[in-house]
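Protein chains in written order, with the UniProt record's numbering: chain F, 1 to 398; chain Y, 1 to 398.
Treat the hints with care, since some could be wrong.
Treat identical chains as interchangeable: a pair holds within one or across any two.
Subject to a maximum C-alpha distance of 30 angstroms in a straight line, what follows is the list of computed DSS-like cross-link-like pairs (lysine-lysine) [said to hold, decoys possible]:
#: 1; residue 1: Lys325; residue 2: Lys45
#: 2; residue 1: Lys325; residue 2: Lys79
#: 3; residue 1: Lys45; residue 2: Lys389
#: 4; residue 1: Lys45; residue 2: Lys392
#: 5; residue 1: Lys171; residue 2: Lys79
#: 6; residue 1: Lys202; residue 2: Lys171
#: 7; residue 1: Lys325; residue 2: Lys235
#: 8; residue 1: Lys202; residue 2: Lys235
#: 9; residue 1: Lys79; residue 2: Lys385
#: 10; residue 1: Lys45; residue 2: Lys385
#: 11; residue 1: Lys325; residue 2: Lys385
#: 12; residue 1: Lys171; residue 2: Lys235
Quick caveat, the hints were computed from the structure, so don't treat them as lab data.
Nothing here was measured: the structure is a model prediction, and the numbers come from that model.
There are 2 protein chains.
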Amino acid sequence: MSGDLAIRNVRILGGPTVDLVIRGGRIAAIGVGLAAPGIPALDGKGRLLLPGLVESHTHLDKTLWGLPWRPNSAGPTLKDYIENERRILREVTVPIARRAGGLLEACIARGTLHFRSHIDIDPEFGLAHVEAMLALRERYRDIAEMQFVVFPQTGLLIRPGTAALMEEAIKLGVETVGGLDPAGIDRDPIRHLETVFGLAGKYGRGVDIHLHDREESGVWQIERIADFTAATGLKGKVMVSHAYCLGQVPRARIEALAQRLADLEISLMTSAPADTEIPPATWLREIGVNICCGSDGIRDAWSPFGNGDMLERAMLLAYRLDWSKDEMLAAALATVTDNGARALGLHDYGIAVGHEANLVLVEAETIGDAVVRRPAERTVIARGKVVAKDGKFIDSRL
Amino acid sequence: MSGDLAIRNVRILGGPTVDLVIRGGRIAAIGVGLAAPGIPALDGKGRLLLPGLVESHTHLDKTLWGLPWRPNSAGPTLKDYIENERRILREVTVPIARRAGGLLEACIARGTLHFRSHIDIDPEFGLAHVEAMLALRERYRDIAEMQFVVFPQTGLLIRPGTAALMEEAIKLGVETVGGLDPAGIDRDPIRHLETVFGLAGKYGRGVDIHLHDREESGVWQIERIADFTAATGLKGKVMVSHAYCLGQVPRARIEALAQRLADLEISLMTSAPADTEIPPATWLREIGVNICCGSDGIRDAWSPFGNGDMLERAMLLAYRLDWSKDEMLAAALATVTDNGARALGLHDYGIAVGHEANLVLVEAETIGDAVVRRPAERTVIARGKVVAKDGKFIDSRL
Numbered sequence: 001m002s003g004d005l006a007i008r009n010v011r012i013l014g015g016p017t018v019d020l021v022i023r024g025g026r027i028a029a030i031g032v033g034l035a036a037p038g039i040p041a042l043d044g045k046g047r048l049l050l051p052g053l054v055e056s057h058t059h060l061d062k063t064l065w066g067l068p069w070r071p072n073s074a075g076p077t078l079k080d081y082i083e084n085e086r087r088i089l090r091e092v093t094v095p096i097a098r099r100a101g102g103l104l105e106a107c108i109a110r111g112t113l114h115f116r117s118h119i120d121i122d123p124e125f126g127l128a129h130v131e132a133m134l135a136l137r138e139r140y141r142d143i144a145e146m147q148f149v150v151f152p153q154t155g156l157l158i159r160p161g162t163a164a165l166m167e168e169a170i171k172l173g174v175e176t177v178g179g180l181d182p183a184g185i186d187r188d189p190i191r192h193l194e195t196v197f198g199l200a201g202k203y204g205r206g207v208d209i210h211l212h213d214r215e216e217s218g219v220w221q222i223e224r225i226a227d228f229t230a231a232t233g234l235k236g237k238v239m240v241s242h243a244y245c246l247g248q249v250p251r252a253r254i255e256a257l258a259q260r261l262a263d264l265e266i267s268l269m270t271s272a273p274a275d276t277e278i279p280p281a282t283w284l285r286e287i288g289v290n291i292c293c294g295s296d297g298i299r300d301a302w303s304p305f306g307n308g309d310m311l312e313r314a315m316l317l318a319y320r321l322d323w324s325k326d327e328m329l330a331a332a333l334a335t336v337t338d339n340g341a342r343a344l345g346l347h348d349y350g351i352a353v354g355h356e357a358n359l360v361l362v363e364a365e366t367i368g369d370a371v372v373r374r375p376a377e378r379t380v381i382a383r384g385k386v387v388a389k390d391g392k393f394i395d396s397r398l
Numbered sequence: 001m002s003g004d005l006a007i008r009n010v011r012i013l014g015g016p017t018v019d020l021v022i023r024g025g026r027i028a029a030i031g032v033g034l035a036a037p038g039i040p041a042l043d044g045k046g047r048l049l050l051p052g053l054v055e056s057h058t059h060l061d062k063t064l065w066g067l068p069w070r071p072n073s074a075g076p077t078l079k080d081y082i083e084n085e086r087r088i089l090r091e092v093t094v095p096i097a098r099r100a101g102g103l104l105e106a107c108i109a110r111g112t113l114h115f116r117s118h119i120d121i122d123p124e125f126g127l128a129h130v131e132a133m134l135a136l137r138e139r140y141r142d143i144a145e146m147q148f149v150v151f152p153q154t155g156l157l158i159r160p161g162t163a164a165l166m167e168e169a170i171k172l173g174v175e176t177v178g179g180l181d182p183a184g185i186d187r188d189p190i191r192h193l194e195t196v197f198g199l200a201g202k203y204g205r206g207v208d209i210h211l212h213d214r215e216e217s218g219v220w221q222i223e224r225i226a227d228f229t230a231a232t233g234l235k236g237k238v239m240v241s242h243a244y245c246l247g248q249v250p251r252a253r254i255e256a257l258a259q260r261l262a263d264l265e266i267s268l269m270t271s272a273p274a275d276t277e278i279p280p281a282t283w284l285r286e287i288g289v290n291i292c293c294g295s296d297g298i299r300d301a302w303s304p305f306g307n308g309d310m311l312e313r314a315m316l317l318a319y320r321l322d323w324s325k326d327e328m329l330a331a332a333l334a335t336v337t338d339n340g341a342r343a344l345g346l347h348d349y350g351i352a353v354g355h356e357a358n359l360v361l362v363e364a365e366t367i368g369d370a371v372v373r374r375p376a377e378r379t380v381i382a383r384g385k386v387v388a389k390d391g392k393f394i395d396s397r398l
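With the rest of the complex left out, here is chain F (with noise of 0.2 angstroms):
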């Protein structure tokens, strides 16, 4: 594949009509009437152009995409999650590459380009996920941009050899240390974040780290992520995923919080799930909190919920927090878009000279009419080359 396309008539994220040419996978220009002999052309029929999508948090290796409807069976405890999801996974025997690549191929179909995806690493299977993972992501490294998390789901401490495990996957290519309710499921939270803050800082990578503890165990917790953040360093390389317990407590209780968040660039993660509290991202937003949006898991153990499409993950955002005006529904947008980028650290992000050609071409009139009709017309370039028309991947790799 070569990379090299023109696509004619195109509105870049709802702007004036545009053609870009692409070159070896890299926009080479973006203007008006431009030529390009030799290129193949893709007619943009005046559609809006989207950068590729970012999914800042999911699941990949632990999906059931793909196989038969399983009633859930989850709950009502997370360690009752926990305990199901390992019992379920003993039994599938459909490999990792298989489901989660199906379920990428998917993704991908509706415009996501970029991932970051946990990955369990457990004494049970030791590293058998994260060597699937990798796997999975050479399989598909022209088309999607993939970094992975190193994710003790059973708990850290409280599983000896477990963060050894994590070295080891840091080791093998995983690049960023993960982390799972240092209190709740640790229950030794310094100790925990001395953990992953030390791997983090050992081999120079980023922090990621999952908290569902609930109201002041888990914003005592965000102040304690922020400490460590700042003393070792890693300004801009930390993301707290989920943090409900910023939607659980009044805002005066995490306005100096909020702040540090900022200053230290620590991105928030949610899902936009409804059941629950979630930060108060349109404040947060306001101070400079940065915040990107996940699927979390997808048809998995955990819940049967979840499509892979970001857009309809920007739509449930908007909806959850009565983000309704277009400047709004752009934040929702840039929850999946620019967010994600900034929050996994993409460089080459967005459309822009010299950048990869990672686009999304949806039949939409305005980003809000895409993040409220999330159109199934969508067609989907990866460095220059079409990789998805309508919803369906080309060229399965499966």
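Starting from the known structure of chain F, arrange chain Y on it as the hints suggest.
This is chain Y only, laid out in the frame that chain F set:
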């Protein structure tokens, strides 16, 4: 159109594979390997067969469907929303027939065949919306079952002349008497309810009241609605729409009231908003309160959201309430099928011999799969005739 059709190889609500024979628009037989000589046949390909979906609360007359994107300019107070809408509808020149008709066709294309739509009346424009909607109903009478509520959007008592317009609308053929925040908007709750229930009693109609009023104020008004329902003998014919207040007070406060709602068969309608509280449907359902779903306004001056897809509405409710188990995903589907039919007093509803053949074929494995995935691949059959396929309405009447 004859309304004769054999549908082969479908799974009713996910049950075993069967055939249906439809004659004269009604289900004549359900069984395995049915003979149906001389009748056109449709291969269901093993898909899920659902009854036509029920939209229990929308505002077709006010939609801006099909118009160019209009940035939302509403709010912040309820009164601001109302005034903003009045201003916009004064400016819009595309007639209701085209806007509401376009939306109606889109809803039908997604499988909705039964509608309750509120219609604004107002001293400013009188019965214009009513007349347009009655004409629209006629135009689609052979496909969609539509019932109307006369809705005093700008207030009843505070807008002199409104009660007389409501009575006129009922005489013209509107079925149900509407109300709106008897305390918060009309500022005289008892006279408001006397007027609404008085009209209902005089003409033998049902009642459907929009209730946005919050917390104790809202709960107190629902108690009064129950009083009026009992006093006027309207058991089974009353709906309270929205009723956020029931999710805003402790459960203990509404235990007796909830039992009265069940006993008086007062239905609750929610659009499953995620930015405010909703009635505690998991518990209310257990004690027998009928909960149904509506889209509320779709792409109108109130909100840019909505697409009329009742499977999506069921998903949003399930997502809102963490209904992930199969039983609860079926409960979510029921809010847009059986519960809606019960709330609207539909006869003939459901997939059974003798009933009208109003059906949706969905490319889904189970009810849960249909709700979480909302496949676009649907075939919609109204009274034995295929009226829509794959999201496209056949033979538009616009």
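message = To test your reading of the hints: which numbers does this structure violate?
response = Those not satisfied are hints 7, 9 and 11.
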